[in-house]
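Sequences listed follow chains A and B, in order.
The opening position of the first sequence corresponds to residue 1 in the working numbering, with each subsequent residue numbered one higher.
The opening position of the second sequence corresponds to residue 226 in the working numbering, with each subsequent residue numbered one higher.
No incorrect hints appear here.
Sample of chain B residues with no beta-carbon within 10 Å of chain A, all distances over it, derived:
| no. | residue |
| --- | --- |
| 1 | R277 |
| 2 | G284 |
| 3 | G291 |
| 4 | T332 |
| 5 | S358 |
| 6 | D388 |
| 7 | A389 |
| 8 | T406 |
| 9 | D416 |
| 10 | S442 |
| 11 | H501 |
| 12 | R504 |
| 13 | G515 |
| 14 | G524 |
| 15 | P536 |
| 16 | L537 |
Partial selection, computed: residues in chain B whose CB lies under 7 Å from chain A:
| no. | residue |
| --- | --- |
| 17 | A270 |
| 18 | T297 |
| 19 | R298 |
| 20 | T310 |
| 21 | G373 |
Worth flagging that the hints you see were computed from the coordinates, not collected in a lab.
Just so it is clear, CB atoms sit at the ideal spot from N, CA and C, and this is done for glycine as well.
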Amino acid sequence: MTETLAGIDWAPLWLSLRVASLATLIATVLGIAGAYVLARGRFPGRRFLEALASLPIVLPPTVLGYYLLVTIGRRSPVGRAWESLTGGPLVFTPTAAVIAAALASTPFCLRAARAAITDVDRRYEEAARVAGLSERRIVFEVTLPIAQRGILAGIALAFARALGDFGTTIMVAGNVPGRTQTMPIAVYDRVQAFDYATAGVLALILSVVAVLALLVVARFERAPW
Amino acid sequence: MSLEVRVQRSVGGFDLDVDLRSDALVTVLIGPSGGGKTSTLRAIAGLDPSGRQHVVVGGWVVAGGGGPDLPTRARRLGMVTQASTLLPHRSVLRNVALAVREGDRPTRDAEARTWLERVGATAWAERRPSALSGGQQQRVALARALAGGPRLLLLDEPFSALDAPSRTALRGLVLRLAEETATPVLLVTHDPTEALTMAGHLAVIEDGRITQQGSASEVAARPRSRWVAELVGLNLLRGVADGTLVRLDGGGELRTADAAHGPVAVTVHPRAVSVHRIRPGGSPRNVLTGEVADLDARGDHVRVRITGPVPLVAEVTPQAVAELDLGAGGTVHLAVKATELQVHPDEAA
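Next comes chain A alone, as it looks inside the complex (with noise of 0.2 Å):
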């Protein structure tokens, strides 16, 4: 066991978290702001744009990452524009894998904060508003306060779905050793190459994390305050 670990390349664990984390903090903003204008907003096309919204969940990884390997591929119009800012291509890179996370944990993200948003009883934003609160400060002070438990439920949902994304970040950033392989594609590789004990190591690990995940959810969805 020993020789397993010190033999095992970490540069997947290192990468993973920071994707996971770019990924979770972009689902995060993206994820309230979408819950607050489908819980509160009225618009037509709501209940269209609350089904797009949760359709990476349904969707297969590998579909969800090849729309986004046309959106932001080479030939595309985002990726060109990338190439001529950055000088090189945005897929197969880190950051095609943190938007191939981003985009298949935002939905976990914006469905429990829709949820928290929309049980946060009226009566409390129409108070700090007869308070003489602007609308501004009632999202920041009132609703999201009221909300957070929902929305960091959420986000930790987010996070152990970030860390655990295989088919659409292989599809966009591929399988690079130390530079797009994340621990899931890691564990892949790991077992293509017949090396069971580094793939069952990190598989524990995963495994672990996802755990701590639910266990965190399962504490801010008991008891409120």
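Got chain A sorted already, so can you dock chain B onto it with the hints?
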């Protein structure tokens, strides 16, 4: 101090058409649920902006003055509702500080502390609202409502979820603070005793319309409809209690079943007042004597107004009017059981 409210709006088949005017410190809006009490309050607060509104508080036009209506946050109102709307994630102090409109954080916190002191909530400043009882939460809500320096305090059944002692204490507190800060109050309630004992001006709202308004004693003594009579057509007497004996302000005494001390308001339903030509004896009753002033026939019953040291209204059947020849006027004896008298600490005293 004056309040002028005209609201016209129609939502889902319900028409609200309210015209309320009051110069009293405490205006009470009473009516059955679904009658439009809360809708009126929400319209004043600008929370339901549709329809036509004209709201003037102490000469300050909040809505309907020709220009655009002020948004809710600029109307300078305080509101306390039946269900607590204190923010669950903030301490009591931070909840009150939220409503203080001017100054930096330390200034606002200091201002909030003075309000907590005025409602007797200093000891709970650092607690979360969920750690407080219902009555304590309403005290804090009152502090928050007043901390913004409102020009009008809107109270939507703020006492109805409380136990009797907390309710009495909070009513007294509301009246005291309203007076000290010269803040007019508009109280919505469905409790007739609360309405009669607190109202400077009483307005009855039914089916979206104000059906009667005036001083509490006016409305109680001369209810304009059967419904108003049922709701607030109670005899209201004020006096000072010493145990189960109440010395009435206008002279005379009443025996009550419940003991109390100090200024009290006693209410009794006209149906519980029986009218006799010959003085009834025996049982532990209050017997009062007076003159028949007038009769007011209302279908299956007649309201008899009796003047004397203790003015009362009695409700009797048309048969009783005939048997006792009440139409001829003259002296009558009124009997009221001690158990029919409801004694309330008099917050207005």
